[in-house]
Amino acid sequence: MSDNHNLLAEQRRSLILDEVRRHGGARVNDLTRKLNVSDMTVRRDLDALARQGVIEKVHGGAVPVAEASTHEPGFEAKSGLELSAKEDIARAAAAMAVPGSAIALSGGTTTYALAHHLLDVPDLTVVTNSTRVADVFHLAQQSGGAGARHPGAAMVVLTGGVRTPSDSLVGPVADQAIRSLHFDVVFLGVHGISVEAGLSTPNLAEAETNRGFVSSARRLVVVADHTKWGTVGLSSFARLDQVDTLVTDAGLAREDREVIAEHLPRLVVAGEPGDPPPAERD
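Counting in UniProt numbering, the sequence shown runs from 1 upward without gaps.
It should be emphasised that the hints constitute simulated quantities derived from the structure, not laboratory data.
Predicted model only: the values in this text are computed from it and were never measured.
Honestly, I wouldn't trust all of these hints.
[Stated by the list, open to error] Across the chosen pairs, the derived CB separations fall in these ranges:
hint: 1; residue 1: Thr32; residue 2: Arg219; range: 42 to 50 Å
hint: 2; residue 1: His59; residue 2: Thr131; range: 38 to 46 Å
hint: 3; residue 1: Val162; residue 2: Thr125; range: 20 to 28 Å
C-beta atoms are modelled at their ideal positions from N, C-alpha and C, and glycine is treated no differently.
Please build the complete structure, drawing on both the sequences and the hints.
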């Protein structure tokens, strides 16, 4: 890893967080050697990760934060994590959206990243329970007009409901709206994914809303960075065998890929050097 001194701060912090989570902790002097950066740089990175609430600083290093199954981070807290991975996932998932189709996007920071890439897919009908996702399309339409770069305006339906800390709308109003519709593809962000628990969330009301998305999907595409694998929230809302495709990033360990491949019909690992675009893999 001798060239990691050229990494952007966000990429470096992602590597540090992965190291802390994989090994249950990391020492500053070990991180400086692995990343080939100064002691001060590592300590600044640890400070930033601690402010985001994903690690706890200890003498000489850091340990992961043990989250309760009911803990639900807010949108802003999650938005600064795994940015490169989310962008890779978003680009790969956007290639699966067919012009003129009806799609749904759940709440979350990965689906928020995906929404920006879907602006270039013409004539979509988009249903979402995410105020953030709806804002992406609304702002694009507001800035449209002659010469706009986006080829076709999406028709966007916001479900209504009660807002969660992650700016998703849940509850009976959202559930009724979602279950009355049928989607060509549902792009679903998740809090956690595992063999035993399937797809899960710490929010009971969001679990019910997500069940509506799953039941209304002709094709279910889960978009989740590698840190979501092995995480379990309070409430499961779908089994792994209900997922058609998992789109994740290159940070997913090889052994985890093998496990997932045994349970899912399709795994797309985005962002690996030399990989063909997702559309060329079908």
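Now the hints, each set against the structure:
A hinted range of 42 to 50 Å for the beta carbons of Thr32 and Arg219 is consistent with their spacing of about 46 Å. Between His59 and Thr131 the beta carbon distance is about 42 Å. The supplied range of 38 to 46 Å therefore holds. Against the hinted window of 20 to 28 Å, the Cβ-Cβ separation of Val162 and Thr125 comes to about 24 Å, which satisfies the hint.
Figure legend: structure checked against the earlier numbered hints; every hint is met.
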